[in-house]
Structures are given as C-alpha cells and as structure tokens.
Amino acid sequence: MRRPSALHLVLLPLSALMVTPLVWMLLVSVSTQEESRRFPPGLPSGIEWENYLAAMRDAPLGSWLVNSFVVSIVCVAGNLLLCSLAGYAFARIPFFGGRVAFFLMLATLMVPFQIVMLPLLIMMRELGLVDTLGALIAPNLATAFGVFLMRQFFTTLPRELEEAARIDGAGRLRTLLQVLLPLMRPTLATLAVLTFLQTWNDFLWPLIVVQSPGTMTVQLGLQSFQGAHTTNWPKLMAGTVLSQLPVLLVFFFAQRFFVRSVAAAGIK
Amino acid sequence: MTLDRRRLADHAAGWGFAAPAVVLIGVFGLVPVVWSFVLSFQHTDLTSPGTFAGGDNYAKLVADPLFWDAARRTIVYVALFVPVTLALALPIAVMLNQAIRGVVLYRLAVSVPLVTSTVATGIMFSWLANPQFGLVNAALDAAGLPKQGFFSDPGQALFAVVAMTVWGWLGFAVIIYLAALQNVPKDLIEASSLDGCGRVRSFWHVELPLVSPATGFLLVWLTINGLQLFDAVYVTTKGGPLRATTVLVYHLYNEAFVSFDGGYAAAIGCAVFLLIAAFTLLQLRFNRRSHYEVR
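Sequence order for the protein chains is L and B.
The first sequence begins at 1 in our numbering and counts up by one.
The second sequence begins at 1 in our numbering and counts up by one.
Calculated directly from the structure, the hints in this document are not laboratory data.
Keep in mind that the hints are not guaranteed to be accurate.
Here chain L is said to cover these stretches of chain B; the calculated rule only asks that three of the stretch's residues, wherever they fall, bring their Cβ under 8 Å from a Cβ of chain L [unchecked claim]:
1) 95–101
2) 105–111
3) 114–121
4) 136–142
5) 183–194
6) 223–233
7) 273–284
Here are some of the chain B residues that sit facing chain L, going by a computed Cβ distance under 7 Å [claimed, not checked]:
8) Pro-20
9) Ser-36
10) Gly-262
Each residue gets a CB set at the ideal place from its N, CA and C atoms; glycine is no exception.
Modelling step: build the complete structure from the supplied sequences, incorporating the hints.
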C-alpha cells in the first residue's frame with residue numbers, strides 16, 4: 001500500500017482555487033436575482049433556468065455563436081489549405097525570391113497586432129468590408145505562424161517519399177495531397193486547434209472593425225451584453241456560460257490534444 | 001535546355017503554391033507595418049485622408065504625461081505579472097510531474113483557464129471581486145478583514161488585473177514547464193541522488209538549470225503579451241478608475257478611437273513595437289549565454 005502523497009494537501013486547494021471562478025459562474029447563473037445580491041453570498045436554493053431563457057431572449061446569442069463559428073471555421077480551413085501549400089513550397093521547391101518571401105513573412109511574426117490594426121482598419125474601409133464577417137476573416141485566412149509550422153513539418157519528412165511518387169508519375173500537387181497529406185494529420189490538427197482558439201477568442205480586432213449586433217462574434221457580443229446588464233448578474237452569467245460552452249466542451253473532450261497544441265506553439 | 005525548363009517549372013510551381021498565403025500575409029501583415037510608420041508622421045482621424053505632420057506626433061509623445069503614466073503602469077504590470085506567473089508555475093509543474101493519484105484532474109483544473117476567453121474571465125472576476133456582493137470580500141470578511149474595492153479602487157485596480165491575468169496564463173506556463181521537466185533525463189536525477197544530492201538540491205542543481213530554456217521562452221512570451229495588455233483591461237475597468245489601469249495599448253486605443261488622433265496612436269504603436277523589439281533582443285542575448293543542453 002502506498003501512502004497518499006502529501007502533495008494533495010497543496011494540489012487540492014490549489015485546484016479548487018483555479019476552478020472557483022468557473023464554478024461560481026455556474027452557480028450564479030442558476031441563482032435568482034435576490035440570491036445573487038446577498039452578503040455573504042451563498043449557494044442557490046434551486047435552479048433558476050429562467051436566467052438562460054432570459055439571456056437568449058435579450059441577446060442574439062445564437063447568431064453571435066454562428067458568426068464566431070463561421071469566422072473560425074473559414075479561417076481554420078484557409079490556414080490548413082494555404083499554409084500547407086506555402087509551407088511545402090518553402091520547404092521543398094527552390095524558387096526565385098522564395099527565401100526573401102519566407103524571411104519577410106517570418107518578420108511579421110515579431111510585429112504586435114496594435115501596429116497593424118490601424119492601417120488594417122483603413123484597408124477594410126477601402127475594401128468595403130467594415131462591419132462584415134469578411135473583415136474578421138480576411139486578415140486571418142493565412143497566418144505566418146501557420147506557414148512556418150507547416151514548413152518545419154515538411155523539412156522533417158524524408159525526400160525519398162516524394163521522389164518515389166515523382167517516379168510513379170505523380171505531379172507535385174498530387175504528391176502533396178495523396179502521399180504527404182496522410183502524414184500531415186497531427187500537424188494539421190495542431191494548426192486547426194490553434195487557429196480555432198485564436199479566432200474564437202479574438203477581441204480587439206472585432207471590437208474596432210465590427211459595430212452592429214448582427215455581425216458581432218460571441219466575445220464582442222458578450223462584452224456588449226455585459227455593458228447592458230451589469231445589474232442582472234445571474235442573467236449575465238447565464239449568457240457567459242452559454243458563450244463558453246462550445247470551447248469548454250471541446251476542451252474537455254480533447255484536453256490532451258489542446259494542451260499539446262498550446263505547448264507546441266505558445267499561444268493562448 | 002531541359003534543365004532550364006525544369007528550373008522555370010520550379011519557379012512557377014513554387015510561386016503557384018506559395019502565392020496565396022504570401023500575398024495575404026504581405027497585404028494584411030507586412031504592408032500595414034510600413035503604413036503604420038507612415039501614419040505616425042501624419043495628422044489623421046483614420047477616416048479622411050491624412051496630412052503630413054512631420055515629427056509632431058513624436059514630439060507630442062515625448063511631452064505627453066499620459067503616455068509616460070501609461071508606460072509606467074505597463075512596466076509595473078509586466079514586472080508583477082511575469083515573475084508572479086513564473087514563480088507559481090514552476091513549483092506547480094514540479095508537483096504535477098509526480099506520479100500521484102488524480103494528477104490528471106489536477107492538470108485539468110490548472111489548464112482550464114486556457115480556453116476561457118478574456119471577456120468571460122473579466123465578467124467572472126468582476127463579480128468575484130464585486131465590492132458589495134463578491135466572494136472575495138466574503139472571504140476577507142470571514143477572516144475579519146475590511147472589504148476592498150479591487151477593480152473599483154484606483155489603488156488596487158492594476159493589481160486586480162495582475163491577479164486576473166495570472167489566473168488566465170498560469171495554466172499555459174505550467175504546461176510549458178511540464179513539457180520541459182518531462183524532458184529531463186531520469187538518470188541524471190538518479191545520478192545526482194547517488195552523489196548524495198537530496199531532492200531539493202537535485203532540483204536546484206539539476207532540474208532548474210535544465211528547464212532554463214523554458215524559463216527563457218516564458219519570460220519573453222509573457223513579457224511580450226504583458227506589454228500588449230488590452231482585453232483584460234477593457235472588459236473590467238475600461239482603463240479606470242482615474243486612469244489607474246490605462247496601460248500603453250489602452251492609451252493607444254483611446255487616442256485612436258475616442259480622441260480620433262490616429263497619427264498619434266500610430267506613434268504610440270511604434271513606441272510599443274520598439275519596446276517589445278528591444279526586450280526580445282536583450283532576452284535572446286541573455287538566453288544564449290545561459291543555455292544548457294543535454295544529449
């Protein structure tokens with residue numbers, strides 16, 4: 001018999017502390033207004049589902065979630081496709097200007113978004129994209145990080161794979177799709193998770209480029225909802241729970257995977 | 001002849017594959033950098049065409065007490081946020097690296113803030129730290145301490161933001177440290193214990209130096225993110241109370257979208273960029289010197 005480790009004495013309260021904000025959010029979201037305005041605060045006596053109904057009635061949560069999904073999914077698809085193609089070219093094809101293009105692209109990784117966002121806003125206005133989902137998609141459709149990640153992946157593959165396919169008469173695109181694609185799955189999945197997380201949780205760019213409630217993503221919508229409902233915390237918490245539910249669910253089911261992706265890329 | 005045609009085909013194929021991504025990243029990632037630099041020499045509200053301003057915006061920056069206040073707050077924030085996160089993350093990672101029962105659940109608990117958006121985090125913490133009904137004040141009250149204002153107290157708001165963002169980033173730092181600790185070869189630790197090292201000493205002299213690349217990475221990464229603090233402030237305090245949480249990027253946002261002084265905002269952006277670049281270079285040099293590797 002092993003004695004239970006003394007570490008539990010530290011880890012248990014620590015874990016409790018880490019999940020307290022989330023648990024408290026859940027508890028407040030099913031409290032009545034009166035129960036939320038007590039001191040000291042206590043547990044709700046029953047489950048007040050009405051908060052959730054009220055949140056959905058008062059805010060277009062559904063369309064915010066749909067907008068977030070559309071933007072995130074399109075950006076994920078764009079990154080998977082475009083970054084694979086470019087990553088492959090930079091890793092395997094010696095072409096004129098390729099090195100310079102790759103270096104310049106890497107350089108953009110060092111630039112903070114706050115530098116880019118002001119001209120980007122002007123560009124979106126010129127393109128007529130302000131206050132559309134297009135403005136949220138276009139700048140994130142292909143990312144320098146994604147190209148870099150894919151290039152690194154392709155350089156680790158043995159060249160013989162492609163040469164064999166070449167001898168069998170397959171063109172570059174066919175080699176990429178039929179021979180290399182199956183090997184790329186873990187890297188593609190990492191890129192997909194990171195792109196999804198980043199676009200789903202993005203706040204500053206939607207804040208400056210989107211105004212009308214119908215175009216808002218769920219983060220921006222939630223923020224505007226917060227501004228309008230600071231007196232009804234149970235309802236606000238219910239809205240917050242609903243907005244976080246999709247990512248939390250994905251997280252619990254694919255936790256290991258999430259954690260690995262985040263560690264690989266250093267992105268929150 | 002055939003060789004030349006092959007080379008030509010390479011150039012065409014290379015650009016064909018790379019062009020979509022390169023064009024998008026060039027247009028939306030590279031052009032704006034140059035453009036931003038140009039904007040910083042203009043008077044512009046970002047809506048109508050700007051006029052040449054010479055060095056006006058930079059002169060304003062040097063003389064603007066609000067800018068220097070924001071810079072000071074940003075540095076105070078980073079100087080707290082980064083070391084506190086690192087100091088908490090390493091011991092937690094060491095504990096989570098042990099084979100104890102339930103460690104998977106502990107890891108889950110520590111890493112769940114990773115996927116919680118900053119907006120949701122802001123809403124949760126605003127209510128937890130509510131001066132009237134908040135759980136934190138209930139805890140203080142139970143301990144016989146006076147209630148605090150937290151986000152609504154100018155003297156405390158910045159520290160409340162530090163606490164909130166540490167909660168949000170701790171899981172990330174723990175994951176990075178865990179990955180580094182799992183790469184420390186077991187036989188090294190065994191060897192040190194054979195040499196008479198206790199657990200604490202082998203941690204200080206074997207594990208800690210070996211995870212120093214992770215520390216270096218986190219130091220840079222957390223600092224870069226800390227210097228760009230915005231979302232967490234926007235959703236909790238909107239830069240207040242009494243500008244107590246107006247950090248550099250918040251000041252930039254105010255100038256661009258409240259005062260409509262786009263040129264000045266661009267100048268602040270360039271200053272933030274310089275600060276980040278300088279710090280990164282400094283850290284890279286330092287990192288190279290203290291790099292341990294095991295093969």
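Taking the earlier hints as the rules, which of them does this structure contradict? Number 5 only.
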